[in-house]
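Make the full structure from the sequences, and use the hints.
Quick mapping for you: the protein sequence lines, in order, are chains A and B. Read the first sequence against my numbering and you will find it ends at 251, with the numbers running on by one and no gaps. Read the second sequence against my numbering and you will find it ends at 361, with the numbers running on by one and no gaps.
Treat the hints with caution; some may be incorrect.
Some chain A residues judged to face chain B by a derived CB distance under 7 Å, without partners named [stated by the list, open to error]:
no.	residue
1	14
2	18
3	61
4	65
5	74
6	85
7	108
The set of hints was computed from the structure by calculation and includes no laboratory data. No residue lacks a Cβ here, since even glycine has one placed at the ideal position from N, Cα and C.
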Amino acid sequence: MAFTTTKSAFWKGMRDSAPFLLVSGPFGLLFGVLAGEAGLNVADALAFSLAVFAGSAQFTALQLLQENTPIMIVLISALAVNLRVAMYSASLTPYLGDAPLWQRACAAYLVVDQSYALSVVKFETEPEMTVPQRMAYFFGTNGLVAPGWMIATLTGALVGAQIPASWGLDFVLPLAFLAMIGPMLRTPAHLVACFTAIVVSLPATLMPYNLGLIVAGLAGMMAGAQAELWFERRLAGQADPQQANKQETPS
Amino acid sequence: MNGFTPGELWFVIIGLALGSFGLRFAFIGFMGGRPMPEWLMRHLRYTAVAIIPALVAPLVVWPSTTGGAPSLPHLAVAALTFVVGYLTRNVLWALLSGVSGFLLLFYLAA
Chain A
1 MAFTTTKSAF WKGMRDSAPF LLVSGPFGLL FGVLAGEAGL NVADALAFSL
51 AVFAGSAQFT ALQLLQENTP IMIVLISALA VNLRVAMYSA SLTPYLGDAP
101 LWQRACAAYL VVDQSYALSV VKFETEPEMT VPQRMAYFFG TNGLVAPGWM
151 IATLTGALVG AQIPASWGLD FVLPLAFLAM IGPMLRTPAH LVACFTAIVV
201 SLPATLMPYN LGLIVAGLAG MMAGAQAELW FERRLAGQAD PQQANKQETP
251 S
Chain B
252 MNGFTPGELW FVIIGLALGS FGLRFAFIGF MGGRPMPEWL MRHLRYTAVA
302 IIPALVAPLV VWPSTTGGAP SLPHLAVAAL TFVVGYLTRN VLWALLSGVS
352 GFLLLFYLAA
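This is the structure we're talking about:
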């Protein structure tokens, strides 16, 4: 679908993101509930979500705070879990980098898994979009998810006291992440990256301070990049070699 | 009653807020529209499909709900969620399967 106005791009982003409310809603609720159980009051929990707006980092910090972890290690671990948003930021830069600084600053706050995943697929498949349309689409993807996250946190913190720990809600978190991964695996190289990361992540949990996550992630990324090159070369070998040399890297 | 004081909590909240914003602003803000090197982009394409599985795998193999003991039912529900997502290419169907499986786990455990 081609956009005629930036406004339609915003609404399209919002519509595309609507299903993610079913993901971020339960996540936000869960954060509110677990924050309450950790002893945070409702205002603390909401301030946490408003200021940080990064689910997995928030969960990590909350978990480590309760385990009497030294405060600097809590901070470094949660930021390490959140390192991926720096990589999201880098991969959005070719598409959004020409927007005004204040827009980029607002966009930076809103870089999360959902907005990144939706936007990068959109920008890749529709290269004719203008920068304002892309920015509008990006903000649109957060139009529901960001307020949803705050409202869910608030609700979770309010009702949290009623939910017994025996429900084992913790396991909903990996399930929600897993549901997101499957549809992202569009090429053989994606599969290689994913399974390398999984295989490395298990022994890497022995590393201190959550560093294993970063190591496994980097291993997966390198494996994916190498696999992409390998599949490309094999494809080029089958096709006309001169034609293959001129071709741009497919993504 | 907990392992942290209000001061420590706010230190973490403020530190995380500044740190997370810094991470997110690092490239969008400072690189602007300058082109990124091809080798970097080739690696960045695999960020999400590497980091998220790396985050999830230990949580599935050693679920916190069982106190970290490996559990076949948990593995099965996780595998179901993943496979449905991969085959249907649809986050919602995957999540629905996962939540159904989770409810089954909950029912079996009760």
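To see whether the hints hold, each was checked on the structure:
no.	hint	result
1	14	violated (17 Å)
2	18	violated (10 Å)
3	61	holds (5 Å)
4	65	holds (5 Å)
5	74	holds (5 Å)
6	85	holds (5 Å)
7	108	holds (4 Å)
The structure is inconsistent with the numbered hints 1, 2, although it conforms to all the rest.
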